[in-house]
Structure formats: structure tokens, C-alpha cells
Amino acid sequence: MSDENIKAKRPLSPHLQVYKLPFSAYMSILHRATGAFLSIFGVLLLLAFCYTLMCGAECYDAFVGLLGTLIGRLFLFALSVCAFYHMFNGFRHLFWDSGKLFKIDNAQNAGAFVMLATAAAVLGYWYCAYYYVLMK
Amino acid sequence: MPYYKKGEEFYSPLKSAKNTGSAKSGVHHWIHQRLTAVALLILLPWALWSIHANILGASYDEVVAWLSQPLNAILSVLFIITVHYHALLGVQVIVEDYVHKEWLKIAKLVAQKLFYVASAIACIYAVFSVAL
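If you're matching them up, the sequences are chains A and B in order.
The opening residue of the first sequence carries number 0 in numbering that gives the first Met the number 0; numbering runs sequentially from there.
The opening residue of the second sequence carries number 0 in numbering that gives the first Met the number 0; numbering runs sequentially from there.
Please note that a few of the clues may not be correct.
Cβ-Cβ distance ranges computed for the label pairs, FRET-style [what the hints assert, rightly or not]:
no.	chain 1	residue 1	chain 2	residue 2	range
1	A	Met114	B	Ile30	24 to 34 Å
2	B	His99	A	Val132	40 to 50 Å
3	A	Glu3	B	Trp29	37 to 47 Å
4	B	Ser67	A	Ala61	17 to 27 Å
5	B	Gly25	A	Leu73	30 to 40 Å
Just so you know, these hints were derived from the structure itself, not from any lab.
These numbers were taken from a predicted model, which means no experiment stands behind them.
Yeah, the Cβ is synthetic: ideal placement off N, Cα and C, and Gly gets one too.
Just chain A, with the same shape it has in the complex:
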């Protein structure tokens, strides 16, 4: 075999501009993105919660009032999506770390399950929040 033939037979590395990423690659990117979002805004929210609670009732009520606005609620909704997704997908990562779910079918099915679980958990959480707490 000539050098030309060997070169032609070599597999090409995925060229990102023309390569269709598999489903699990998107989930991996999303895992990191949600992790970054939580690390910044989740931690800031936790800090704001603790700090305003320490500062007193007026401070805390202002904080809660801010979260109660439309933008505040959208922010909390986004944060809850990130938290549930990162938690469920993190669980999937722990399975991988212990050497399980490596077959492509298993990995993809677990990924689909993570997506469904995230949707169900987020909707359930906000339904309960509105139905049992915020509407009362």
C-alpha cells in the first residue's frame, strides 16, 4: 500500500463545523454549562440568601421581593432547571465513573431518562410551589 492509500484510509477526526455531534455530546456540553451557571448564580443566590437573612427582616424582605418579580421568577426557574439537570446527569456520570452504562445504547437511554426526569422534576417542583405555597 502506498503512502497515499494509507492516508486516504485513515479516519478523519471530527471537524466541528461539519460534524453532527451525538446526543450524549450535547448533554456533556449542557452538563458543563449548567454547572458553570450554578457555580456563579447558584452560589451568589445562596450567599445573598444567607447574607440578607443575617442583616434582618427588611433586608430579607427586599431580597424576597426582588426574587418575586417576573425576572426574579424566570431566574429561579432557570436555576431550578440547571440544578435538576446537573443533579440527574451527575448521577449518570457517577455510573460511568463506576464503569457502568458505557454501551452506546445504555448511555443514550440513560441520557434520555435524564432529560425526562429533569422535565418532570422541574414541572413538578414549580407546580407544587404554586399550588401549595404561592397561591395560598
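We have chain A; now place chain B onto it with these hints.
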């Protein structure tokens, strides 16, 4: 032919040259990330449940009363430590992967470390001063 210990035949000579290799360490980072992940699988559902049951729609006094119960205060502190540590380990990897200018990378890593330690201490101080 350089001397290799058995099992180290495939190590690059750089490892002996630089002693601990180019990354210096990493296993403890990986393990701590998994440990905090497992802890958060317990603590995050607890936190989400507490937000739903005790914090959403509750008055300031009710939230303070909730946090003043010892178990809630202890779990809150554990949650704060674990979340901050896990977040720090995560953003550290992101910066190491995507920031290639050496000075900027080091600046970001240092700033992150300082921020997360400071934030964790502020949160824990707040919980103690509310609960005690």
C-alpha cells in the same frame, strides 16, 4: 537506555525530568469532585425540599425559626461547604480547559479560589449568627 522501574516503561522521560509530571497532581481533585457530588445527591434534595416546605412563602421570622433548629443549621452548613467546594472544583477545570494565557489563567484560578472561600465563610458566619 535509561533505567525504568517495572510498570513505568511507558512513562514519558518528562516525568522523570519534572518529577511529578506536567500536571503535577490531579487524582485528589477528581476524587474530591466525586465525593462532593455524592454528598450533594443527599444535600441538594434536602435543600430543594426545605426551600419548598420552609422558605417559599414564609415570613422572615418563620425562616429564622426554621434555620434555628439544630439539624437544619447543621445541614445548611454542610450544604454550604459542599456546594462551594464542588463549584470551585468545577470552575477550576473549566478555566484550566479554556483559558490558555498563562497569567490570565493563574489570575482567574486565584480569584476563584479566594471568592469561593470567602463566600463559604460569609455564608457559614451568617447561618451561625442567625441560628445561635
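Gly25/B versus Leu73/A beta-carbon gap, inside 30 to 40 Å or not
holds (38 Å)
Take the C-beta atom of Met114/A and the C-beta atom of Ile30/B, compute their distance, and say whether it sits inside 24 to 34 Å.
holds (28 Å)
Just to be sure I understand the hint, the distance between the Cβ atoms of Ser67/B and Ala61/A should be within 17 to 27 Å; is that true here?
holds (22 Å)
Taking 40 to 50 Å as the stated bounds, is the beta-carbon spacing between His99/B and Val132/A within them?
holds (47 Å)
Do Glu3/A and Trp29/B keep their Cβ atoms within the hinted range of 37 to 47 Å?
Once the Cβ atoms are compared, 43 Å apart, the range 37 to 47 Å for Trp29/B and Glu3/A holds.
Of the numbered hints listed earlier, not one is contradicted by the structure.
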